Amino acid sequence: MLIKNLNAAGKTWRPLSRKYTGLKGWTMSDAGKMFLNIPRSRLMVYLLILSLAGFVTSFGAHIIAVNLPSYAKMAGTGFFGIGVLIAIYDLAEVIAKPVFGFVADKKGMKVTMIAGLLVFSLSSLLYIVLDPALLILVRLLQGIGAAAFSVASMALVAEYFKNDLEGPMGIYNAIKGLGYVISPVVGGAIVLYSDFSYLFVACFFVGIAVMFVGLFIKRDSGNKKFDDDDDDDIMRFIGSFKDSRFLPWYLVTMVNMMLMAILFGFLPVYLNVSGFDPLMAGSVMAAVALAFLTIQPLSGVISKRLGFSRTILAGLAAEALFLMIIPFTSGWLTVIVSILDAAAIGVIWTLGAVAVAKAAYEGEMGLAMGNLGSYKEIGDMAGPLAIGLISQFISLTAGFVLCGMLGLAVLAPLILGSLRSRTISITKIAR
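1 is the number of the first residue of the sequence shown in the working numbering; add one for each residue after it.
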């Protein structure tokens, strides 16, 4: 069964020696020493820089998204137009992340990250010189750039800390998530005291600053063994989407992000209909976001205490059940249940990324993380659409309950072992 395989696989992920022994044999112990032999103190600086690149992704997405009502008022755009402008950024990432992950494996992760930050920054400035009606083009280009540096930065974290990844990946995700917390405040102040267009100036300076800092990361050369056979490259790219080592984790991540998008997107709706005033609702959402962020660096500690598989299964069950309970709560109970839901989601997001990273061989980390990011974005988009559709035609309560049941449904094949053929191969990881 999957549970048994996960527990066994977890043992193979522990460090074995201090040497790197070849293309498919990771056998070093000190976190992140890799074949680059980088001192740990420098690795921690790299982790901060890479986390800031992740921060730019969420900052750039959210600082514009939360202020689109101001743009809509200025440009005469309706609700559907706002939705399209939000979705186009995510859609660009869905399509581009696997592509740039593949490119990062071949040409180098650092150069892919730097190029992505440059594209993001320069495309942000385009809004200043273009007709405001072309905002959709700017958002598309921003999303393409974000896809490149988001995948590359996450893949570099996974490479540097491959055998002790839970904590560093949690830190990366936590700092990245700060963009969702900080950007509404910064963006609101910019729009209030200046103009909507200055949001893109802020995106430019943040992106360029992180790009220059990122130049200090040691450059990787990419994997040259894939350069000679284009047909093999294409088959490898296509086959990666259904690779049995990763597919269960892609599924878990997609559903997890779907439930996260529902929580952060429609909890404010429930708070509003439940009588929370804007200040109270904002405070609740801040607490929920804080729980989601702060739990992630602790994901490794939790998984080591409970066991990797138990943590995954318990986390999925908890987040689905908490989501189903929310519409039957009120007052402080709503706050407590929502915070617990966010914490469970945060743990699963980090551990899902860790599982993918540890299953990846050298030379395919970028593509694995790119595919993971694509599945994540699909979940981000599907969640609000699903609960919105159900709530529109049935009720908000039904939306929470039915979407939570979908999360529980994922547990069935995991527990029954119907995904056994898709589990991580212990022999492949160990050799």
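No lab work stands behind these hints: they were computed from the structure. Quick caveat, the model's predicted, so the values are computed rather than measured. Keep in mind that the hints are not guaranteed to be accurate.
[To be verified] Derived EDC-like pairs: lysine to aspartate or glutamate, alpha-carbon spacing no greater than 20 angstroms straight-line:
(1) Lys106 <-> Asp277
(2) Lys304 <-> Asp131
(3) Lys107 <-> Glu362
(4) Lys218 <-> Asp90
(5) Lys73 <-> Asp195
(6) Lys73 <-> Asp164
Subject >> Numbers of the earlier hints that this structure fails to satisfy, in rising order >> reply: Of the numbered hints given earlier, those the structure breaks are 1, 2, 4, 6, listed in rising order.
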